[in-house]
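Chain by chain, the residues run as shown.
4 protein chains.
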Amino acid sequence: KKRSREDSDKPPDKRVRINVGGTLFETWRSTLERIPGTRLALMAVLGESDDTWDKEKKEFFFDRHPGVFSMVMQYYRTEELHTDQNFCGNIIQGELDFWGLTELDIEPCCWGQYSKFKDHRETLAALDENFTQQTEMEAWTEKTTNYERFKHRVWQFIEEPSTSRAAKLYAVFSMFFVVLSIAIFCLETYHWFRVPIPGAKSHNATGYDTYFAPTGDQCIKTKHKTGQYEFSATEPHPAMTYLDYVCAAYFTIEYLTRFFFAPGKWKFIKGPLNVIDLLCLIPHLIAIIMVTVDPYGSSKDTSNLFRAFLALRTVRILRIFKLMKHYSAFKILVYTIKVSTKELLLLVIFLFTGVLIFASIIFYTENDTFDSIPVGFWWALVTMTTVGYGDKVPRTEGGYIIGCVCVLCGVLTVAFTVPIVVNNFTLYYSHAQSRIKLPVHKRKELKR
Amino acid sequence: KKRSREDSDKPPDKRVRINVGGTLFETWRSTLERIPGTRLALMAVLGESDDTWDKEKKEFFFDRHPGVFSMVMQYYRTEELHTDQNFCGNIIQGELDFWGLTELDIEPCCWGQYSKFKDHRETLAALDENFTQQTEMEAWTEKTTNYERFKHRVWQFIEEPSTSRAAKLYAVFSMFFVVLSIAIFCLETYHWFRVPIPGAKSHNATGYDTYFAPTGDQCIKTKHKTGQYEFSATEPHPAMTYLDYVCAAYFTIEYLTRFFFAPGKWKFIKGPLNVIDLLCLIPHLIAIIMVTVDPYGSSKDTSNLFRAFLALRTVRILRIFKLMKHYSAFKILVYTIKVSTKELLLLVIFLFTGVLIFASIIFYTENDTFDSIPVGFWWALVTMTTVGYGDKVPRTEGGYIIGCVCVLCGVLTVAFTVPIVVNNFTLYYSHAQSRIKLPVHKRKELKR
Amino acid sequence: KKRSREDSDKPPDKRVRINVGGTLFETWRSTLERIPGTRLALMAVLGESDDTWDKEKKEFFFDRHPGVFSMVMQYYRTEELHTDQNFCGNIIQGELDFWGLTELDIEPCCWGQYSKFKDHRETLAALDENFTQQTEMEAWTEKTTNYERFKHRVWQFIEEPSTSRAAKLYAVFSMFFVVLSIAIFCLETYHWFRVPIPGAKSHNATGYDTYFAPTGDQCIKTKHKTGQYEFSATEPHPAMTYLDYVCAAYFTIEYLTRFFFAPGKWKFIKGPLNVIDLLCLIPHLIAIIMVTVDPYGSSKDTSNLFRAFLALRTVRILRIFKLMKHYSAFKILVYTIKVSTKELLLLVIFLFTGVLIFASIIFYTENDTFDSIPVGFWWALVTMTTVGYGDKVPRTEGGYIIGCVCVLCGVLTVAFTVPIVVNNFTLYYSHAQSRIKLPVHKRKELKR
Amino acid sequence: KKRSREDSDKPPDKRVRINVGGTLFETWRSTLERIPGTRLALMAVLGESDDTWDKEKKEFFFDRHPGVFSMVMQYYRTEELHTDQNFCGNIIQGELDFWGLTELDIEPCCWGQYSKFKDHRETLAALDENFTQQTEMEAWTEKTTNYERFKHRVWQFIEEPSTSRAAKLYAVFSMFFVVLSIAIFCLETYHWFRVPIPGAKSHNATGYDTYFAPTGDQCIKTKHKTGQYEFSATEPHPAMTYLDYVCAAYFTIEYLTRFFFAPGKWKFIKGPLNVIDLLCLIPHLIAIIMVTVDPYGSSKDTSNLFRAFLALRTVRILRIFKLMKHYSAFKILVYTIKVSTKELLLLVIFLFTGVLIFASIIFYTENDTFDSIPVGFWWALVTMTTVGYGDKVPRTEGGYIIGCVCVLCGVLTVAFTVPIVVNNFTLYYSHAQSRIKLPVHKRKELKR
Ligand SMILES: [K+]
Ligand SMILES: [K+]
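In order, the protein sequence lines correspond to chains A, B, C and D.
Using my numbering, the first residue of the first sequence is number 379, and each one after it goes up by one.
Using my numbering, the first residue of the second sequence is number 379, and each one after it goes up by one.
Using my numbering, the first residue of the third sequence is number 379, and each one after it goes up by one.
Using my numbering, the first residue of the fourth sequence is number 379, and each one after it goes up by one.
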């Protein structure tokens, strides 16, 4: 072992007094010479001719952290550098630099706590940075034209609900339109809000219906329904369509207004939420153009275009991110995902490897149920994440065994990788929460 | 970097001795002047004319915490304020205030530990408060009329089982009725406890039955059952109904007695458990009125009213909360939910966003299986929470891919948000547990 | 606020030097008088007449822990008792007792860390106790008869595989029979190991078979199978039955031998594993009696008895606990469950409350699918634990909404309650693991 | 209780001054004599004749860690050894050895933190070792023949992408073939990439199709498909087969090249990734032989051999591990699994016990649904891991109750055992992550 305590068999040599920030440390001179090339070894060699020698008190004086020095002293005694768990790694780093040591000397058992602090410092500083970006905009306020001051005030009214009561009201009003628009988007597909297209042919469907007798038996009743329309033979109720156009009109006006009052035009256009805004409006603009060109939807071509346009409308769901604009937890989530890409990749790669292996094995074991490996992918992922839909289930002895192994691997894979990603989020969230609790007028000082 | 250690290139200046609560600290005067406007900077400027100067020992004396001062000294040396992990944030705050620093000076890496203590103090103090509210009632005991003393004693007998053995027995007796009432409520819907309504027509159902041959094949047998009754053609066994009315009678008497003996009538009526009590009795009262008015249930109107009344009976399940009355873990849960509204909202909002997005995408991808976006909501939530019923499952290539992404997002969303809410509960629960272990006669001192 | 720092506006009074275990503390006399009735307040009043006064050095001397005293001093300064996180709560308690303070003075923010140590001490000491119980038996060894020494040696051979190589071999041999017996128990129900009962009638079953076309379509083929036997028309292969009787014979002999050599007969019979042993043998003994009485199984009564006897055989599965005999993790699990009854109850009660509420609501909302509340129980539990079989699934708008709420409540309930139970197990397991790593000859010292 | 504080009732004896590394400790001589046979007890007895006695300062001097000594002193005072939480267990061990104490004296409440550090040290040092094994190879570089230097350079080019830009490009190129090969393996089973075998008979299948009416009803349409081929009547598209042979050719060449340039031939062949490489090639080699021997696949024997060969091809999926070659997280996972075998076994044993018990009970309770105990295994595992496919579900009252208990046990079993395995992985991962962040040129120093 490295631990060499020869002080017992060697004749005791000169005692050295070191005063570190007021705290006295005493050791043998030989101890200090054990790790050559460091400040203390040099000091031991120079002795009274060292800069730090205090003639009066017969001691060396350093204006450094006494707690960390205690740690350093123990390194000289045992030749193993263990850190105190209650000191922040960033303090330790600074002191080690001063004493001529490096963080590489720290033993693996103490490395975790040490590097945890260093990692936190970087990421949390970056998080603070990320949250105070908005306030950069405020530097812009010192412009002096009356007109510009007006523009700036309107911009604040639109963008920062916290500035005035009216701005808050406007934000609620704006959010109402977002919610309305999303609600229309979702509900117009539901049969309560659909009417048959004029001229569509209804048909008689044969459905089945199950009911329970009080004995608990599940009984089947065959059900003949008449006057049913297939989904493609129906359209949203006109009221829904009109409301949707009202929303579109509002968002168009809002976008243009905000564009007009935006301080940086190009920055405004590039903003992710504004890109979404524009994308969500495109389907409506196209629809208007199409209706203008071919008002009666007669030609086959337009009809196909209409279908493509239907698919395009999906983008409107992105409007939900507009609701997130003023929600800080969402920003933290986005930031976590940005920072934790590596860990997320870990989850995906581990799961994907498992999925690939189990999909192949199950395909060759249960060719009857799993008709191809890609179908096995679906089964393996659904099994490993313990969703277990049960649409594809092994039915042979071999399949059961593979299924069991797959389930166990899945449980472990998820359990292994999820905490790594999640820890970051919890850290960022609690940091941001405690930051929000700080008094507003002082929070800006944190940027320093 | 901010870290400026100019002490090596500047000529060494006067050493300053500071005695903080008996522990000596020594530093250069120039170090203390680095952060102007603080107590130590002022002290360095004033020198021997400072109040704290001790002529005899030639040192400054402060009756403060030496451990925290060590931390403060390091701030002067490195211009970075890192906190020791073993000191409670509340001690640190007090000391920082004294030395003229603010918590905003603390570096982000150490902020977490610091603010954790501060947060805990507030919430745990509030939790203690919450748990000792009941004892406020006891202040009321000093009333002196004989009659009032009797009323108080009965009230204690009814409400506080811990006061006497008889009160405990009564509590068990009262709980028996609650359990009985809930059991009746649940079991009267089960076919074992139902009889056909006189005159109801039975019918022949065609059910199916599966059985397994020893080869493991699942075989279907068609089963014709005769003499089946639909649920609506049966009613609970009369014995159940009678027992239910006995319970109702007991609860009515109990409610009135408790109302009579309650010290504050209006407070009693507003109490959530008493509101539940009253709500649970309403269906019975209505039933009695209905039977009085139209004893033979002949008219169609009454029959419809009866159905509405059936739905109303659901409220009786709330009686389960009466069982929770004396269960402290339940109170902690309620308190956690109250305090963690923000975090619960986080979970709901994140899940809802995911559900909305995946529902829309799956609807446009797999129009065949998912007939509307609201149906997609159901599928997306069931998938994201890994329940995976399998009643709606994607069946096309596109659907499989979206399903996989949805599952992964769900696993992460739940993993991200659940720990944030749960941490609070674990903290409160273990705090309350260790509080309960304290000797009873001393626990009240904790309120101070 | 309580924090009263009047030291700045009051005239500075006499400084008091306190030497605690070699470390000097200095404070104002007035500070010590702030908390009356404590040892330090008394000391401040008595001054130089106190026992601990050291005339030479002009200080009070206490042979106590300096670190904890620093904490106590801060209590006198700020009137708030915060504990250092790096001291074990048990040290703190002892010191507080000495200084005349109580643990109730500790602030809620620091209470958690303090009581954690105290809780751990009790439970971990109990765990150590629990694990060293076996060695009590060894105290019995000092008996001196030759015959008793032989009996003891055989007993050791049977019970403690670690004592000799032969004992280890015997343990493996014994375990082989346990595994064999369990394997027979499980496999004799599988169709590979079953033969038709002589004279049983086979029948033609109509099964169905699904296969996948390469296009991914799932197609159904009707399948007619001949020569199928129902489960009740088959019996285990005779070889299985014979092997089972061999096992039974072995276990009978083993039980009798162990009973003969057991040091305490009554303690042996009460031992849970021996009770299981006996229980598992009963079905076989009955079978032998039955075959002796009615060798041809002719009468109807014996046949019914046989069926009851079949059900009784289930107890044989308990033999699996015999495998656990030498597995320490299992003992820890059992211990955890014993200690965490309260927390397990919490999980069950919270889940049960949720189940009850959601079962009732879903029954009244979706009467078609859920034919009674008890069926709703099943659905609610399966949903809340995210198992989600999909055998009962809501199919109406109302049911979907209730299902969503149920899923969320379930996820939270499980997440809330599981960590509380699990923490204990993790603690005990890691404690026991590090205990096992200790050198064997020294481990017994731990009992002290 | 052990805590004996007789210092109050005994007459105060001689005070002893001990200087440990510059920090003064004072105590009564009687305190030191409390634990006989230790260094301090001996010192107290020897007094001024002890080696460590310093005549000038009238104190004993030890060049040891003052913080740990404070802990040791408290052991003499209270006869209970509690450790400070902020010191690494490895420091404590060294100091305890010096003072003549053993780690067995540490109280159970502090044992956890102490042994955590010791465990981490061993495993993390082993992890570091494991990661730096590759660099051993570099020691080989000092060979001086020109030819050998060339061979080495080629080997580096092939094996270490970080050495040059060309090597990185080559690694990407090599990975492309791996991905291609895996993609072919998976996709050639999908119906998009399959063609009917010349001469195979198509057949008409009767499938079913469900669609949703806008009312939300699920309707069934019977579908007659013509021209369907069963899976066994199709073969992968020729393009796929050709691409596959290209990949095989590339891997053969790569394997031979790498074998030629490998520094240690036998070590190369034994390398797990190279074994996989060879295994994956075997099916292709056999196919080539078979085609050479019987080019028209006419005989029945070859056809059967072909089927066996198909099953053999599954091994090709192992190629995915080649992708993992340069992915450190994967190595950590493998290492974790190696180290945590005991904990993984725990998970498997606990789950298996539960599965065995619940499978037996459900079989005897619900003989109709669960036709044998092995089928019960499948159900029990799928239920305990909350996968819940729903292919086998209890349908009777007894089965429901057992199912509920099974679900709860499963949730707890998984929750109990998973964190124990996972903790290791999280620790290793974060350690390895912070290790990777170190500057490359210095990382090798860590090996010392
Ligand atoms: K499921
Ligand atoms: K599931």
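Accuracy of the hints is not assured; some may be wrong.
Since the list gives no way to pick out one identical chain from another, each pair is judged satisfied if it fits inside one copy or across any two copies.
[To be verified] The calculated lysine-lysine pairs, modelled on BS3-like cross-linking and capped at a C-alpha distance of 27 Å, are:
(1) Lys645 x Lys709
(2) Lys392 x Lys433
(3) Lys496 x Lys720
(4) Lys720 x Lys703
(5) Lys709 x Lys496
(6) Lys643 x Lys392
(7) Lys716 x Lys703
(8) Lys720 x Lys546
(9) Lys496 x Lys648
(10) Lys546 x Lys716
Calculated from the structure, these hints are not laboratory results.
Hint by hint, here is what the structure shows:
Within a single copy, Lys645 and Lys709 get their C-alpha atoms as close as 19 Å, which meets the 27 Å cut-off; across copies the closest is 44 Å, which misses it. Within a single copy, Lys392 and Lys433 get their C-alpha atoms as close as 16 Å, and across copies as close as 14 Å, so both meet the 27 Å cut-off. For the homomeric pair Lys496 and Lys720, the shortest alpha-carbon distance inside one copy (19 Å) is at most 27 Å, but the shortest distance between copies (30 Å) is not. Taking CA atoms no more than 27 Å apart as the test, Lys720 paired with Lys703 passes in both settings, with 26 Å inside one copy and 17 Å between copies.
Taking the shortest alpha-carbon separations for Lys709 and Lys496, both the intra-copy value of 23 Å and the inter-copy value of 25 Å come in at or below 27 Å. In this assembly of identical chains, the alpha carbons of Lys643 and Lys392 never lie at most 27 Å apart, being 74 Å within a copy and 58 Å across copies at closest. For a Cα distance limit of 27 Å, the shortest separation of Lys716 from Lys703 qualifies both inside one copy, at 17 Å, and across copies, at 26 Å. Only between protomers do Lys720 and Lys546 lie at most 27 Å apart by alpha-carbon distance; the minimum there is 20 Å, versus 39 Å within a single protomer.
Taking CA atoms no more than 27 Å apart as the test, Lys496 paired with Lys648 passes in neither setting, with 34 Å inside one copy and 41 Å between copies. With identical chains, the CA atoms of Lys546 and Lys716 are at most 27 Å apart between copies only, with a shortest distance of 26 Å across copies and 30 Å within one.
Hint violations for this structure: numbers 6 and 9, all remaining hints satisfied.
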